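Residue numbers (my numbering), protein chains in the order written: chain A, 28 to 136; chain B, 2 to 115.
In short, the hints are calculated from the structure, not lab data.
Keep in mind that this is a model prediction, so the values were computed, not measured.
Beta carbons: idealized from backbone N, C-alpha and C, even for Gly.
Incorrect hints may appear among the rest.
List time: in silico EDC-like cross-link candidates among lysine to aspartate or glutamate, alpha-carbon distance up to 20 Å [as the list claims (entries may be wrong)]: (1) A:K64 x B:E103; (2) A:K82 x B:D101; (3) A:K77 x B:E86; (4) B:K12 x B:D101; (5) A:K94 x B:E86; (6) A:K82 x B:E103; (7) A:K86 x A:E43; (8) B:K45 x B:E86; (9) B:K45 x A:E67; (10) B:K12 x A:E43.
Derived DEER-like restraints, expressed as beta-carbon distance ranges [said to hold, decoys possible]: (11) B:D64 x A:K53: 42 to 50 Å; (12) B:T102 x A:S90: 19 to 27 Å; (13) B:N53 x A:S52: 28 to 36 Å; (14) B:S59 x A:H84: 43 to 51 Å; (15) B:V74 x A:S90: 19 to 27 Å; (16) A:V31 x B:D75: 31 to 39 Å; (17) A:P136 x B:R65: 23 to 31 Å; (18) B:S59 x A:K77: 36 to 44 Å.
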Amino acid sequence: QQPVQSPQAVILREGEDAVINCSSSKALYSVHWYRQKHGEAPIFLMILLKGGEQKGHDKISASFNEKKQQSSLYLTASQLSYSGTYFCGTESGRNQFYFGTGTSLTVIP
Amino acid sequence: EAGVAQSPRYKIIEKRQSVAFWCNPISGHATLYWYQQILGQGPKLLIQFQNNGVVDDSQLPKDRFSAERLKGVDSTLKIQPAKLEDSAVYLCASSFLGMDTEAFFGQGTRLTVV
Numbered sequence: 028q029q030p031v032q033s034p035q036a037v038i039l040r041e042g043e044d045a046v047i048n049c050s051s052s053k054a055l056y057s058v059h060w061y062r063q064k065h066g067e068a069p070i071f072l073m074i075l076l077k078g079g080e081q082k083g084h085d086k087i088s089a090s091f092n093e094k095k096q097q098s099s100l101y102l103t104a105s106q107l108s109y110s111g112t113y114f115c116g117t118e119s120g121r122n123q124f125y126f127g128t129g130t131s132l133t134v135i136p
Numbered sequence: 002e003a004g005v006a007q008s009p010r011y012k013i014i015e016k017r018q019s020v021a022f023w024c025n026p027i028s029g030h031a032t033l034y035w036y037q038q039i040l041g042q043g044p045k046l047l048i049q050f051q052n053n054g055v056v057d058d059s060q061l062p063k064d065r066f067s068a069e070r071l072k073g074v075d076s077t078l079k080i081q082p083a084k085l086e087d088s089a090v091y092l093c094a095s096s097f098l099g100m101d102t103e104a105f106f107g108q109g110t111r112l113t114v115v
């Protein structure tokens with residue numbers, strides 16, 4: 028029931044773009060995205076609700092394809108501050124919320 | 002605005018001992034969550050409270066873990082007795098109302114069971 032994220036890890040140079048995917052085997056009600064830096068608490072990025080939402084937050088945006096039970100997080104013109112582990116969290120019904128496997132993103136100068 | 006407060010930050014105990022963690026959510030937040038995060042993994046939801054009622058505790062190992070949220074504000078999570086595999090960071094989070102609203106996480110309590 029845990030959603031699978033890909034890639035597991037990615038290294039970028041400043042200014043490059045990245046896409047992180049989150050895939051579930053269950054029909055989804057919502058998808059949440061968080062970023063967590065080493066030794067720190069997860070920080071909320073955005074929530075997407077079913078209906079094929081897209082959202083943007085500065086240079087970070089996401090899409091939610093409920094038919095494919097997938098969500099993608101798009102990071103454009105990456106900055107050093109984007110480094111961290113990104114987690115999706117999926118809600119597939121009452122009492123069914125799981126965080127994904129995580130994607131480690133490292134941005135280098 | 003004050004964030005989610007947790008204590009202690011670190012705790013080391015021997016297996017079979019008991020331990021308790023405390024969480025004070027953001028003022029006005031009706032929903033409180035406890036997560037367990039094992040090193041290298043994503044957080045796992047243990048229990049979700051709405052005010053002082055339990056919404057979801059399906060992943061809480063109830064033979065050894067218990068949690069309460071008296072008066073719908075502060076919450077405590079207890080482990081009794083602890084096992085080696087309970088070593089993890091225990092994160093508390095709160096949101097204004099339910100899973101569809103932004104959750105704010107505390108700094109967590111790092112538990113080491115030896």
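The hints, checked one at a time:
no.: 1; hint: A:K64 x B:E103; verdict: holds (18 Å)
no.: 2; hint: A:K82 x B:D101; verdict: holds (15 Å)
no.: 3; hint: A:K77 x B:E86; verdict: violated (36 Å)
no.: 4; hint: B:K12 x B:D101; verdict: violated (32 Å)
no.: 5; hint: A:K94 x B:E86; verdict: violated (37 Å)
no.: 6; hint: A:K82 x B:E103; verdict: holds (14 Å)
no.: 7; hint: A:K86 x A:E43; verdict: holds (12 Å)
no.: 8; hint: B:K45 x B:E86; verdict: holds (14 Å)
no.: 9; hint: B:K45 x A:E67; verdict: holds (16 Å)
no.: 10; hint: B:K12 x A:E43; verdict: violated (41 Å)
no.: 11; hint: B:D64 x A:K53: 42 to 50 Å; verdict: violated (27 Å)
no.: 12; hint: B:T102 x A:S90: 19 to 27 Å; verdict: holds (21 Å)
no.: 13; hint: B:N53 x A:S52: 28 to 36 Å; verdict: holds (34 Å)
no.: 14; hint: B:S59 x A:H84: 43 to 51 Å; verdict: violated (31 Å)
no.: 15; hint: B:V74 x A:S90: 19 to 27 Å; verdict: violated (37 Å)
no.: 16; hint: A:V31 x B:D75: 31 to 39 Å; verdict: holds (36 Å)
no.: 17; hint: A:P136 x B:R65: 23 to 31 Å; verdict: violated (47 Å)
no.: 18; hint: B:S59 x A:K77: 36 to 44 Å; verdict: violated (22 Å)
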